[in-house]
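What follows is each chain in one-letter form.
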Amino acid sequence: MKYIVIGGSAGSFQTVSAILANLPKNYPHAVFLCLHRLKNVRGGFVEALSLKSNIPVCEPFDKDQIVPGIAYLAPANYHLYVTNDGFSLTTEEAINHSRPSIDVTFFSLANTKKNDVVGILLSGANKDGAAGIKSILDAGGKIIVQSPDECQVKTMPLAAIKLTSIDYSMNTKDIIDFLKNLKG
Amino acid sequence: MFNQEDIFLLIKAIKDNGGYDFSNYSEKSFARRVEKVLIDYRLDIYSLINRVKIDKPFLEEIIKSITVNTTELFRDPQAWQALKYRVLPRLLSKSEINIWHAGCSIGLEVYSMIILLNELGVLNKTKIYATDINSDVLKTAESGVYSYRAVSEYLNNFNSALCENPYNFDEHLVITHDQYFDINKFKDTFKVKPEFLGKVIFKKHDLVNDKNPFDIKYDLILCRNVLIYFNNSLQNKLFVDFWNYLQPNGALLLGIHESIIGPLSAKFDKKGLVYFKKL
Ligand SMILES: C[S@@+](CC[C@H](N)C(=O)[O-])C[C@H]1O[C@@H](n2cnc3c(N)ncnc32)[C@H](O)[C@@H]1O
Numbered sequence: 101m102k103y104i105v106i107g108g109s110a111g112s113f114q115t116v117s118a119i120l121a122n123l124p125k126n127y128p129h130a131v132f133l134c135l136h137r138l139k140n141v142r143g144g145f146v147e148a149l150s151l152k153s154n155i156p157v158c159e160p161f162d163k164d165q166i167v168p169g170i171a172y173l174a175p176a177n178y179h180l181y182v183t184n185d186g187f188s189l190t191t192e193e194a195i196n197h198s199r200p201s202i203d204v205t206f207f208s209l210a211n212t213k214k215n216d217v218v219g220i221l222l223s224g225a226n227k228d229g230a231a232g233i234k235s236i237l238d239a240g241g242k243i244i245v246q247s248p249d250e251c252q253v254k255t256m257p258l259a260a261i262k263l264t265s266i267d268y269s270m271n272t273k274d275i276i277d278f279l280k281n282l283k284g
Numbered sequence: 000m001f002n003q004e005d006i007f008l009l010i011k012a013i014k015d016n017g018g019y020d021f022s023n024y025s026e027k028s029f030a031r032r033v034e035k036v037l038i039d040y041r042l043d044i045y046s047l048i049n050r051v052k053i054d055k056p057f058l059e060e061i062i063k064s065i066t067v068n069t070t071e072l073f074r075d076p077q078a079w080q081a082l083k084y085r086v087l088p089r090l091l092s093k094s095e096i097n098i099w100h101a102g103c104s105i106g107l108e109v110y111s112m113i114i115l116l117n118e119l120g121v122l123n124k125t126k127i128y129a130t131d132i133n134s135d136v137l138k139t140a141e142s143g144v145y146s147y148r149a150v151s152e153y154l155n156n157f158n159s160a161l162c163e164n165p166y167n168f169d170e171h172l173v174i175t176h177d178q179y180f181d182i183n184k185f186k187d188t189f190k191v192k193p194e195f196l197g198k199v200i201f202k203k204h205d206l207v208n209d210k211n212p213f214d215i216k217y218d219l220i221l222c223r224n225v226l227i228y229f230n231n232s233l234q235n236k237l238f239v240d241f242w243n244y245l246q247p248n249g250a251l252l253l254g255i256h257e258s259i260i261g262p263l264s265a266k267f268d269k270k271g272l273v274y275f276k277k278l
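Those protein sequences? They're chains A and B, same order as listed.
Using the numbering used here, you'd call the opening residue of the first sequence number 101 and step up by one each time.
Using the numbering used here, you'd call the opening residue of the second sequence number 0 and step up by one each time.
Keep in mind the hints are simulated off the structure, nothing from the lab.
The structure displayed is predicted, hence computed values, not measured ones.
No residue lacks a Cβ here, since even glycine has one placed at the ideal position from N, Cα and C.
Be aware that a few hints might be false.
To be verified - From the structure, some residues in chain A lie toward chain B, with a derived Cβ separation under 7 Å:
1. Q114
2. S117
3. Q165
4. T190
5. S208
6. D238
7. G240
Take the sequences, apply the hints, and build the full model.
What follows is the structure, encoded as structure tokens:
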């Protein structure tokens, strides 16, 4: 099983929704979604993502085990760590004004799952995720940055491209094809 | 910055000199807090370990920065609605109600409870106990004085927790903030009104090492967003403790993303967000 982690902020909802709609049922990998949300919109996100998703979407509880074929959404107001014995949540201060912090989730996956990780960074208006996606690359994982031209807000993908010095990016359609063909 | 072995040495130094036991805290988040301490204090891990070994006041300070104190007024309003409509109604007819907030941080959770109990008309017959490992947060809790800037964002929670009824959408109560708080935006103060202070017994208490802090049985224990910092085996120890400290049918409220997994799950009945002690 691979560990696919997707970070996104402003302008990423449509893309995440499209990805979830196109993954096959019984997908052999686990998907983690770390998405910034508006401060006072706490509920309803799982429902909104579930509407079109082909795989179940849920917010994990602390210490839950990781099961393939599920999209795990980082709960509002918690940082989500993926560890060797399941999920670990914390309420530490926001990092880069974000809780959940994309960096925190990316670092923890890079650390525990090394080259089994695929890190994906989408549209967004800040730099969260750049350091995290670099750590995935450095740990031997694969990384994908959404093509800045396609992004509603380019700051986040541009920051990641700059920090990792990768020389490619992908649009939504290619990201979906890549994920559909990803072998366990 | 440091490896597993260094963390182990740090935990041992803290235990030997201060008696606090972090060996069963969640590894990842503990490591991240240590990282933060190293940056904040501009220390490397070896200087930190050495200083912890010999400097007790410094050790106490470090404990306070390693533990996470973030909290809110009426955090997760649906949990407060569960208390209001599912838990407290069972207790209203008792002659005395005993509530323990374990890991109360700066007290916002405790004052939320006081407000709810007051709205239900049972504040005067309730004994409220609140504990934390960090003596600084207890001081703030006892004073009931906060910064307006820090706390005002939680007034939305106040409204949803107290004024909306999830079981009856037509009901909408009007409860104003100034009944409970003296708010001064210009001085940036947000103070609990004097008549709601002094109703709580605060005590420094370590959930890992110490036994029941007040030697009574509670009708309700709140331990929210504390156990997420502990590993499975330490969580299980605490579920046993809480079970022992509860009255028959007593209620345990955890954080909304926490749950009892493991052996003790059979000894509680879960109804919605709340665990009730089974005999
Ligand atoms: C994130 S706060 C939660 C505050 C509040 N219950 C809430 O949910 O908003 C966690 C609190 O647990 C306390 N804590 C951590 N380890 C503890 C221990 N071993 N014993 C008692 N309290 C502890 C911390 O000092 C901190 O104030």
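Structure-based check of each hint:
{"no.": "1", "hint": "Q114", "verdict": "violated (27 Å)"}
{"no.": "2", "hint": "S117", "verdict": "violated (23 Å)"}
{"no.": "3", "hint": "Q165", "verdict": "violated (9 Å)"}
{"no.": "4", "hint": "T190", "verdict": "holds (5 Å)"}
{"no.": "5", "hint": "S208", "verdict": "holds (6 Å)"}
{"no.": "6", "hint": "D238", "verdict": "violated (15 Å)"}
{"no.": "7", "hint": "G240", "verdict": "violated (19 Å)"}
Hint check: violations occur at hints 1, 2, 3, 6 and 7; the rest are consistent with the structure.
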